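Colleague: Sequence:
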Amino acid sequence: MAERKNKEVGENTAENAVGTPPLESGKMTIYEYEQKYVKKQNVRAAKFGIRFAAAILGIFLFVTLFFFSLRIYDINEYAGYGVGAACLFVYIFAFIVPLVKILRTGYFITNVNRETARKAQKHNKKLRHSIADKMIDLTAKVDGAGWYDAETVGKLAIALKAGREKDVKKYLTELYSGSVKKSAKDMIFKCSMKSAMYSAISQTAKVDAALVVFVNLQLVKDLVFLYGFRPSDAKLARIFFRVLQNAFIAYGLGGMDIGKGVIRTMGEAVRGIPFLGSAIAAIVDSSVQGLTNGTLTAVIGYQTIKYLNDEYRLQNILDGVEITETQSDFEDTCAEIERELKKERKLAKKAV
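Residues in the sequence shown are numbered from 699 upward in steps of one, following this note's numbering.
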């Protein structure tokens, strides 16, 4: 008797927690999904954040490249014009183009309520199919790409053609947890090494900061292309602000005399050998700055794939959520009935 009573109390608690009793099928209800995964977000603020961060990055890069060109112009007029044209080319193809490609890529809608859940499920299904098509097409047409496991992609193609939605999700999940994950790590490592080496070579604060932005954006673009979708607006804004933060850190490192600080700690080891001391200082400056910028780039990469994996997981959960009919659904049905009745009345009048 006591056991039965405890069971009833547990069921009532579950009902009160989500506002509706659990389904007999065992599926999560939209109310449970809202309570567990949905966070309040200001959509307009997120979109504004993306635009603001992109605008600041654009201004920062333009000013940085302009003053770099001006510096070369002061040395040689013709070289200044040449460098200016090259900087404009780099600005367009290393900043504008990746930015546009990232923003034009679709994203999963996971922050929903019972009013918007059905629409989000349809959108997410369409996006999953688009991602699958892209993976299949890329694997078939690009030799040696090696981003996706060919065997799993083959199974994905069969499932997509047969309309087996569960298998489509299954094989996409296998790809994301296997070959895509490995390819993403390779991309992050290569871009982090680029950022580190460029920083070590440039040794100029302005150029260093610009290179960090270009490499960071390129990495985000490549990861978005690899996964086939981008993070949501709120998360993408965070990534862009992180890129901006990395640029300012890189710019600040250029003015820091890190090497000399390290040299002072060496004490007697380099005292009295000025040439050796300055050489070691230069090496330490470049290596520390390169390591810092490389690490910051890796942070951007892993933050991006974390957001992508989280949102893919959430859309999978949302796809299995049972959505109960809402008040708006009821109102829409009533309105449809009313419209149909009006049509019938008009037809009846015409017949008379």
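Bear in mind the hints are in silico, worked out from the structure with no lab data behind them.
Keep in mind it's a predicted model, so treat the numbers as computed, not measured.
A portion of the hints provided could be inaccurate.
Heads up, simulated DSS-like pairs for lysine-lysine below, C-alpha to C-alpha not over 25 Å straight-line [unchecked claim]:
{"no.": "1", "residue 1": "LYS832", "residue 2": "LYS919"}
{"no.": "2", "residue 1": "LYS880", "residue 2": "LYS725"}
{"no.": "3", "residue 1": "LYS725", "residue 2": "LYS817"}
{"no.": "4", "residue 1": "LYS853", "residue 2": "LYS824"}
{"no.": "5", "residue 1": "LYS820", "residue 2": "LYS725"}
{"no.": "6", "residue 1": "LYS892", "residue 2": "LYS880"}
{"no.": "7", "residue 1": "LYS799", "residue 2": "LYS824"}
{"no.": "8", "residue 1": "LYS745", "residue 2": "LYS1004"}
{"no.": "9", "residue 1": "LYS888", "residue 2": "LYS823"}
{"no.": "10", "residue 1": "LYS745", "residue 2": "LYS725"}
{"no.": "11", "residue 1": "LYS820", "residue 2": "LYS859"}
{"no.": "12", "residue 1": "LYS824", "residue 2": "LYS879"}
{"no.": "13", "residue 1": "LYS725", "residue 2": "LYS879"}
{"no.": "14", "residue 1": "LYS880", "residue 2": "LYS853"}
{"no.": "15", "residue 1": "LYS820", "residue 2": "LYS734"}
{"no.": "16", "residue 1": "LYS853", "residue 2": "LYS799"}
{"no.": "17", "residue 1": "LYS919", "residue 2": "LYS734"}
{"no.": "18", "residue 1": "LYS745", "residue 2": "LYS868"}
{"no.": "19", "residue 1": "LYS734", "residue 2": "LYS853"}
{"no.": "20", "residue 1": "LYS867", "residue 2": "LYS725"}
{"no.": "21", "residue 1": "LYS817", "residue 2": "LYS879"}
Colleague: For LYS820 and LYS859, compute the direct alpha-carbon distance and say whether it is at most 25 Å.
Modeller: OK: LYS820 and LYS859 at ~18 Å, within 25 Å.
Colleague: Given the hinted pair LYS745 and LYS868, is their Cα-Cα distance within 25 Å?
Modeller: violated (32 Å)
Colleague: Compare the distance between the alpha carbons of LYS824 and LYS879 with 25 Å, and conclude whether the hinted pair is satisfied.
Modeller: holds (23 Å)
Colleague: What's the verdict on LYS853 and LYS824, does the C-alpha distance respect the 25 Å limit or exceed it?
Modeller: Answer holds: LYS853 to LYS824 is near 19 Å, not above 25 Å.
Colleague: Within 25 Å, alpha carbon to alpha carbon, are LYS853 and LYS799?
Modeller: Status violated; Cα separation ~29 Å.
Colleague: Is it true that the CA of LYS867 sits at most 25 Å from the CA of LYS725?
Modeller: holds (17 Å)
Colleague: Regarding the pair LYS725 and LYS879, is the alpha-carbon distance no greater than 25 Å?
Modeller: violated (29 Å)
Colleague: Between LYS817 and LYS879, is the straight-line Cα distance small enough, at 25 Å or below?
Modeller: Violated - the C-alpha atoms of LYS879 and LYS817 are around 29 Å apart, more than 25 Å.
Colleague: Take a quick look at whether LYS888 and LYS823 sit within 25 Å of each other, Cα to Cα.
Modeller: Measuring from Cα to Cα gives roughly 33 Å; hence the hint is violated.
Colleague: Given the hint that LYS745 pairs with LYS1004, test it: the Cα-Cα distance must not exceed 25 Å.
Modeller: holds (20 Å)
Colleague: Quick one, are LYS820 and LYS734 close enough, alpha carbons at most 25 Å?
Modeller: Cα-Cα ~21 Å, so holds.
Colleague: Given the hint that LYS725 pairs with LYS817, does the C-alpha gap stay at or below 25 Å?
Modeller: Answer holds: LYS725 to LYS817 is near 19 Å, not above 25 Å.
Violated hints, listed in ascending order, are 2, 9, 10, 13, 16, 17, 18, 19 and 21; each of the other numbered hints is respected by the structure.
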